[in-house]
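Enquirer: Fit chain B to the given chain A structure using the hints.
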Amino acid sequence: MKIVCGVLMFAPLLSPQRPQMPGRLSVTSDPPGAAITIDKQRMNQSTDYTFVISPGRHAVTVVAPALPKCATPLAVTVRSNAVALIHCAASGWSGPTYK
Amino acid sequence: MNHSKRRVTRSTVVSGVFYAGIVLLAAVMWKYTGYINSQPYIIAPPSDPLALSKAQDAYASVNNLLTTLGTGLLAALGLFVTRGDKRRAIGPRIWLAVLSAVCVCVSLYWGYISSQNVEWAIETSIGSLELDMFQVPRQQQFHAMLLGVFFFADFVRRDLVQTD
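Line by line, the protein sequences are chains A and B.
Here the first sequence stands for residues 1 to 99, numbered as in the numbering used here.
Here the second sequence stands for residues 1 to 164, numbered as in the numbering used here.
Misleading hints may appear alongside valid ones.
Said to hold, decoys possible - Here chain B is said to cover these stretches of chain A; the calculated rule only asks that three of the stretch's residues, wherever they fall, bring their Cβ under 8 Å from a Cβ of chain B: (1) 34-46; (2) 50-56.
Unchecked claim - The calculated label-pair distances, taken between Cβ atoms and stated as ranges, are: (3) B:Thr12 with A:Pro73: 58 to 68 Å; (4) A:Asp48 with B:Gln135: 22 to 32 Å; (5) B:Gly34 with A:Asp30: 35 to 45 Å.
The set of hints was computed from the structure by calculation and includes no laboratory data.
Every residue gets a Cβ at the ideal spot worked out from N, C-alpha and C, and that includes glycine.
So here's chain A without its partners, still in its complex pose (with noise of 0.2 Å):
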């Protein structure tokens, strides 16, 4: 009982239940139009679009015949409350930057 109490009693000093604040990801290219994947997953919108992300390290691949070096994964680390912003062309992969 008295443990019970004291758990209740502690419960805000615990970790916070609550979900983390989610990032933003803008993904960019040059042309425009390209497939977007994320974690593997394709998307079913394409460049340019800006998705909410959950914090953390994500891989994003863009795929189009005019940019075969965005083909290779970039690990973009998405902070929470924050746009990462992503930029592709035919040279490669350009960012993160954030805002």
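Expert: Then chain B, alone, in the frame of chain A:
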């Protein structure tokens, strides 16, 4: 003297095991909540914000309904356990009432997590309720409630059979 002492010892052990079980259950649910709330997700912004808003309203309504049913069930349990002739021993049937109360408390906990996560979704403009962090607590809330109702019904049935 020895008999009474043995009964006290047994009662202490049963209480200890019960509270240890409750603490273990709480710890497991706490860790499980942390696990489902930390699952990765990728969401496209909602194409129809009105549809999402209606889905959130429906989600909240079911949550409220289950919470109301849960608190009602706890009240009914209290009534059944304390009513009638005090000399009439409840005996082993009390465990059905206890199991029912625990299940309803688990259901109320998941209801709290559900409402907290939907509040978070509204606040952060998450465009979907199809994530584990919304669906798992909702299912847990419903299934724990269903189990609580089952134990309650069995408790009441046995109570009525004994009364007759």
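Enquirer: For each hint, tell me whether it holds in the structure or not.
Expert: Quick rundown of the hints versus the structure:
Taking a C-beta to C-beta cut-off of 8 Å, the region 34-46 of chain A contributes 6 residues in contact with chain B, enough for the three needed, and the coverage statement holds. For the region 50-56 of chain A, the stated coverage by chain B holds: 6 residues have a C-beta nearer than 8 Å to a C-beta of that chain, and at least 3 were required. The hint said 58 to 68 Å for the Cβ distance between threonine 12 of chain B and proline 73 of chain A, and at roughly 59 Å that hint holds. Under the hint 22 to 32 Å, the C-beta atoms of aspartate 48 of chain A and glutamine 135 of chain B, about 30 Å apart, fit the expected range.
In this structure, glycine 34 of chain B and aspartate 30 of chain A meet the distance hint of 35 to 45 Å, their C-beta atoms being roughly 41 Å apart.
Of the numbered hints stated above, none is contradicted by the structure.
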